[in-house]
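These protein sequence lines map, in sequence, to chains V and A.
First residue of the first sequence? That's 1 in the UniProt record's numbering, and the numbers climb one at a time after it.
First residue of the second sequence? That's 1 in the UniProt record's numbering, and the numbers climb one at a time after it.
FYI, nobody ran anything at the bench for these hints, they're computed from the structure.
Bear in mind the structure is a predicted one, so any value in this text is a computation, not a measurement.
If a hint is listed, it holds; no wrong ones were tucked in.
Computed spacing ranges between beta-carbons, pair by pair: (1) V:N107 - A:A237: 40 to 50 Å; (2) V:Q36 - A:K146: 40 to 50 Å; (3) V:D250 - A:T207: 22 to 32 Å; (4) A:N271 - V:T21: 50 to 60 Å; (5) A:K29 - V:N154: 47 to 57 Å; (6) A:D114 - V:S28: 53 to 63 Å.
Rough simulated footprint, nothing fancy, chain A against chain V, three-plus residues with beta-carbon under 8 Å: (7) 51-62; (8) 90-97; (9) 159-172; (10) 180-190; (11) 227-233.
Every residue gets a Cβ at the ideal spot worked out from N, C-alpha and C, and that includes glycine.
Protein chains: 2
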Amino acid sequence: MFSTHYLRKAFTLNSKRFSSTISGLDASKVKVTKSQVLKPLVANKDLVFGHTFTDHMITADWNEEKGWLAPEIRPYENLSLAPSTVVFHYASECFEGMKAYKDKKGNIRLFRPDMNMARMNRSTARIALPQFDGDELLKLIGEYTKMDSRWIPNERGYSLYLRPTMIGTQEALGVNPPSNAKLFVIGCPVGPYYKTGFAAIKLMATTEYVRAWPRGTGDAKIGGNYAPGLLPQRLAAARGSQQNLWLFGDDHQLTEVGAMNLFLLWKNESNELELVTPPLDGSILPGVTRDSILSLAREWNEFKVTERKLTMPELREAIKQGRVKEVFGAGTACIVSPIKTIEYLGEDLAIPLDPYDSTSQAGPYTKRFSDEIMDIQYGDKESPWSVVV
Amino acid sequence: MFSTHYLRKAFTLNSKRFSSTISGLDASKVKVTKSQVLKPLVANKDLVFGHTFTDHMITADWNEEKGWLAPEIRPYENLSLAPSTVVFHYASECFEGMKAYKDKKGNIRLFRPDMNMARMNRSTARIALPQFDGDELLKLIGEYTKMDSRWIPNERGYSLYLRPTMIGTQEALGVNPPSNAKLFVIGCPVGPYYKTGFAAIKLMATTEYVRAWPRGTGDAKIGGNYAPGLLPQRLAAARGSQQNLWLFGDDHQLTEVGAMNLFLLWKNESNELELVTPPLDGSILPGVTRDSILSLAREWNEFKVTERKLTMPELREAIKQGRVKEVFGAGTACIVSPIKTIEYLGEDLAIPLDPYDSTSQAGPYTKRFSDEIMDIQYGDKESPWSVVV
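All chains, please: the whole structure from these sequences, using the hints.
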């Protein structure tokens, strides 16, 4: 996998940064400053994804001489940065998306947070930002979520979305690896990602633009992967789709959806029931929800589970032959999002939802994946994936 | 060309933004606030590229309801932005690089600034940031450079580097086109881009990473194109190269250098003297210096001038056969940068510099391009390319 390869390279080049003379991120050094004025909470029904933020944030600064300075939990406030700061010019930025849930006992839970920490360190390595100790950041996130726990909704379907972010902060226009960086984590209470709630969405397959390429950055969660998707998304929205579907190659291979990984449950060419998702070939984001769905499906052992390439013409043919049972997206923001239509080359391809209930917005397995993951996330089902902070 | 295509798309989608109810960028509305304390100048010899900034900056804010608000020329100071601002997460950012020169009469001159304005509007279109009237921004830049004219060095080889930048400023984590944006221009006095001055540099051909691809964003000057280049650049630096050379495809086509376009003067397969640069196929930055060199070469009419694909194996063979005469990079920051070595698959390929002068750091044509462009930039040679502000 490319990611492993460049990670090794980055570690080799950065080895001096792990020497004893510079400091690693250390949660025990945290300086806590409480906000003097707490903001009013927003009712769950009024939440818009990513618009409301809690009272505090985590920050930690890094420079190449000293390493990580003492982290802080401090009031949520603006960042003050020179206009020459590298993040504004060369997109030295990467992020994670994760959620904190409140269980019935009032405990705060994270879902597989170690995967976010590992992925974020792969992202930073790919764009020459510094590495950090993920366990230390998780300790800070634990403290932060406890401090802002009144912001974590306790209604199922709602949670506190957490956004760890790292940006390059050196003030210089030369195109060079950042000598300074800032890590911060902000949190916002959220409900369903789409305004439509758990309703099936429409995708538009994008044939004019390509998201990622072999030996590019498609498997890293870096800012630069997102801005180029805004125009295709706007084009999709103008045609009534909630998201665009990224294809690759002249044969129009399925890769991923605007902000989600993609799954297909179908009767394959050999008439086997099979769950398919595109493989992690270096150009696809290795989603935590994606990995969780694959694990659950393999545990259930009720159908074949395959990571493999699949093209739009193959999918179109299967849809027309009635072999496609369910299609859904998967990601931290939406968890599981049923898909009812894919527009491809001007044609609307209709995907079945629930064959037993015409009012349902999701197929039976789509719904089961969603329920099972949410049961774990909200602590209703015991699982090592759910970590009490 | 892709750029034209997506530009048309963007304009169609944004047509309501050009209606009479919203404002365009208007230089006549500028609000000027002078800095109370002027900073001490830095001697030319002490300038490091992109480290020293002048006393003022241009700013202009945009929102989708009102369009462009009145621009300002104000003291150079930090930007204050919420940590949720879209530029930190999804790399909603693009920029230009241009220079202001002082001629012998003390006039301030820009070099083909209309090309920067046009390219910046293509970049903003590609990532769903707003369009602006380039003539109006040039008026503002004229006023700004006059106000900070003491920062424009009058020594040849030195200039005031200008960095127009646009960032998305909406405070929301949903992946949506920015509803708010900020345009700013900062300026810094600069000398030669490389510490080595006008000395020939070494490139390392990058085979592990790809910069751009068809239907991607390689022809837009957006931040996201740059952060992924930092690791390859660090790898190149670790092996003694100043920049990396980006290749594309299994046949290792030459595309561009880290921060420059690439030119080759050689005896081609038909034994004709030919200047070659990779074509603008949508994955290469359409450089202003690149275009200027092509124009000059066609005007001179002393050798064939061709935009065409060329692979590293072809170049390697030509070097070994002694057919390669000169190789150089071209860009606003360095203008022209002679290249003496390309490391490719572990082998150092030596490029000739001046066959008549072993102490020279550039081939005769490389030097002539540099001299002629600088003559125009500094107003020593009359040309419509040089615009007095």
